[in-house]
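Chains as they are written, first to last, in the numbering used here: chain A, 699 to 1017; chain B, 26 to 535; chain C, 219 to 623.
No wet-lab data here; the hints were simulated from the structure. Watch out, some of these pointers could steer you wrong.
Said to hold, decoys possible - The following label-pair restraints were derived from C-beta to C-beta distances:
1. B/Lys90 / C/Ala478: 54 to 64 Å
2. A/Ser923 / C/Ile446: 57 to 67 Å
3. A/Asn832 / B/Lys150: 48 to 58 Å
For each residue, glycine too, the CB sits at the ideal point set by N, CA and C.
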Amino acid sequence: MIKVFTDGLSFALPLLIMAVGAIYSEKSGVTNLAVEGFQGFGAFIGALVAVMLMPLLPEGSQVPIYAALLFAAVGGGVYACLHALLCINFKANQVISGVVVNILAVALTTFYTSAVNAKLSGTASNKFILGVSNRYTIPGLSKIPWIGGLFQKMYPFEWIIIVLVIFFWYLMYKTRFGMRMRACGENPNALDAAGGNVVKTRWIAVIISGALSGIGGMCYAYSISANYSPSIYMGFGYLAIAAMIFGNWQIPSTALVCLIFGFARAGGQQLCIAMKLSSNYTDLFNMLPYVLTLLLLIFFSKRNHPPQAAGQAWDSSKR
Amino acid sequence: MEDYIVEFRHITKCFPGIIANSDVSFGIKEGEVFALLGENGAGKSTLMSILFGMYQPDAGEMYVKGQKVKFHSANDATAMNIGMVHQHFKLVDNYTIAENIVLGMEPMTRRFGIFPSVDMDKANKEIADLSREYGLEVNPTDLIQDVPVSVRQRVEILKMLYRKAEIMIFDEPTAVLTPSEIDFLLKIIDGMRAAGKTIILITHKIEEIKQIADRCAILCRGKLVDVLNVQDASAQEMANMMVGREVDLVTHKDPAHIGKEVLNVSHLTVENEHHFPLVKDASFSIHSGEIFAIAGVSGNGQTQISDAITGLLPIASGTVTLNGKDITNASIRERAKAGISYIPEDRQSTGVVMDFTLAENLALRRYRKEPYSRHNILNFDKIRENADSLIEKYDIRSGQGGKSIVRSMSGGNQQKAIVGREIEEHTDLIIFVQPTRGLDIGAISNIHSQILKERERGAAILLISLELSEVMQLADTIGVIFGGELLKIAPADSLTTNEVGQYMMGVREG
Amino acid sequence: MNENKKKGLAGLLTSEKWANFTVSVLAIVLMLITSSIMLLVMGKDPVVAFKSFLQGCGMLPKASYGGGSGMLSDFFDYLNILAPMLLASLSFIVAFKTGLFNIGISGQMLLSGFTATVMVGYIKDLSPWIAKPLVILIGIVVGGLMGALIGFLKYQFNIHEVVSTIMVNYIISYITGFYINSKYVDMLTRSSRICSPAARLTWTKVQIGGVSCNIPLGVVIALLCAFIVQFIFSRTVFGFELKAVGTSRGCARYIGVNVANSMVMSMALSGVFAGLAGVTYYLGYTNTIVPKTLPGMGYDAIAVALLGNSSPIGAIFASAIVTVFQSGANYMSSSIGVAKEIASLITGILLLFAACGEYMKILGARKVQRDEEKRITARQNAAASPGDPKAGPVGGDKEKGGNER
């Protein structure tokens, strides 16, 4: 039971930060199918920095992890500029841009992981070995019955994500930038007429989206797989999109959805172990979020409110 | 010269293939209501967009408050206390009224003394005060999507006031309003003039100018015709200047040869998705050789009547009978086959496929029939021949004839293509909705003569128009619609323009 | 006429006839330049590299061949990848012309490939004359049903097809992964057991002129389908109506087209091609299914369709080009020593430039407009004497014919 909480949370939070990223982009009016590519590319840059730092630091140092997280955000943000450029300035179709950005991310990172490995170690491996982050248990809170598991064996990045999500929730709903950004995704002409800068707002939102996705990808590399390899593109970016839709493009409800997805996944794994089922059955649990999202849309699609202007390029001459 | 608050000097603005403003010079005085009169495409909106900083002129200078200005964006204009209410409102539907108003100029506060955040409490209070001050009552916390058009317009006006605008531009503000709402708006404008604001009113409705404006500039095809004191000029004079020649208010119309009943609409009710009735219990019939015109202010249910007859909207109750055959539940295609042609209101998103060629568009009613297709295979030779003959017959001008993409054609020629295509079906019933909207005088008289020709042929014609003059010119029978109800149906020669206008504003008999 | 020539590239980019073609060619040229620079940075000769790609897919002779194989066998292997790529891009095109995005090609490919493998591929002693048509039929039916489902979800519940296809993709990925892992897995390769030669859409080890070739059936199907799609959209009433729905839903409804029906039909047809792509990919090319892995081709195809200007004939050329890199990668890698993943990178770059097509057209239009403005100003300056401010700019309309607006 405790493991369900611990694992569920450590899966849900990186998913949440990616979903928040996707929300930012879409709320500003740029459809974002590129989360998968953002998280992979961001994590690639982060992992690259980490493997370059590791030889310089003593064994077991946690510094590379924080450096990796920082640079994953930078890498994701920089890579997101491509999507922003295509969608905002080049007025490319945003769905197609997302697909192309993903394809290119996979190709770039796969090729350069091998190339860098060949340079650094002389082997043709397509992995950066990272190791797993240390885990910490919060002394008092972890003793609480039932929910204590939430505070046991936490990755430090989980705390970082929680702080970031709160910060970006505040930014989106309470500040001037957030108010303008949300207007931008509903009716960019309104923002333009009110003196806001549609292009700038969307650029910032898409870059934030890339940075947050990069952090999410990096966390998965440090928790689930302990290395960076092309298997990072296993669809968590799309799962984040599912969470965003399920959460109706709102950060609090998306957070709840991510927790449900995380606990369902961890619960499924524990259930399989408890019932001595083969690990194959976890795949059926991993499928649940997608089925739930589809069912939700079938029954409640009228209540869902996607940003009205998402997907349309804004043309300043056609206002 | 010094007392002009806004002055245009030799403004010229070109768009690819069109000169929107050509050497326009005039001045606007502080504290007056200044009207800009002209037909669609005369360049009124372009000129005001230049004043509001949305376009930059190709040549010429602009002076605001005696100062030479060059605006690069709407922000620059706002900084000079210029505000504009656009024809299409620029509001965020899921924001509250107050949020919409303060957007771009949000009042800020610091939460717990540190975190900057938008102060909505202060905004709500300020908006409430502002709306009371100017008599523009709104509830600041209502969502835009829940309030009617007239309130949205108030929000746009409040937006200008919140930005301390002293020069206020209204682009066709009355187009979307009911008569009583128009009266209210004009009163508000009057009040703002009293408060010392300068108002610029873009319109093509001379009555409104007569009612409210002090002075008026008339534009025709991008050029300034004259600037007049409204009191000194008659409506007829202004109309003549607006169109650039003597307006022939009388169209030659032969007496009607009324034949058998073609269309019968009985107790028709149309509802929107929330089961709110848009058309209430409407009954009328149209005979062969008769033009039945529905007059009314925009948004009173006229387009719903035509959409219900053609099958684009579902009928909630009542029946529609064509040539004695009940078509109430027939599909769109079955109705067209039964003998209905339809010139829709929105030509670009309904009447044509903009990215198809002219030839393909001219075949839209025929492509399923032989010889244009056989066994589901299209015959492009026949489609081209069809196009060539229609292009010739209806004088449809385009760059490359049938091969031109319709998007590249002018609105007038698009409309000619639609009218030609629909008329050529020689159906018993032809529905025209706003057939001349946005067209120049030449195209308008062309379309009018086509309508009259069809009447001669013996078609039953349903004409829906927002232009009362058009209704009065063409109709044999007039039905006046208000709030979804047909308030009055009478032969056209038994009604005067004034009477029809009264009914349009919802005045009932007795 | 003369003027058109003078406008050069910008003129081509704005001409209705040549714009799309020019964009595709530009994308290819830009891709060649970019990847050449990349190769040069790595110290490789780009000409040699591109040549080795062509050698790898049997378009140019290699220096030497292994026992029993030759240029022809390489070419047939190339065609074996080309077939699903072309079919998948046709799948995208059909939906796209109707204004719909089929992002679910991957899932539809996987499910149809899986179904055919399980239902036919593992039956022993089945005649190839029964097995092969059966596999194709399964591809058509499974793909078509999946596509129709997406169309149905769209018109019945108003679920955007991009969203539903993403969900369905992963549902299919996990469910087929589950079955493969629990029932059909080959313990050694960790992917599904290979299917019987009878069911494969490739005739293996056919001797032609002394070399052993694997002849793909799929490429015949794919080319046939390309011409069918071309025919549907250029000549038939059905295709005409789909295009009308795709470009103006309002007008299509107005002329009496059943829009909901058209969307379901179009998605079903799109699914049919995706299903065919699936069976030609899994039973023609790979011969096995890696569990829980959506074929990247389903996404590549979207961009291939784009590169081919969403025309079926264009897609033939576009997929032929893209496949060169994917099929020739191994030989290129072994002959010049660059990791073969560079092939995907080159493809990605090509697709990126193809996605910029709209912007290239905008740039072209801007250039043409600037030139025109320059001409107008020049004419004005020549015409207007300085003392006469009334001499406004008149003209410019003349060339435009009916464009009075």
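Q) Which earlier hints turn out false for this structure, listed by number in ascending order? A) Violated hint: only 2; rest satisfied.
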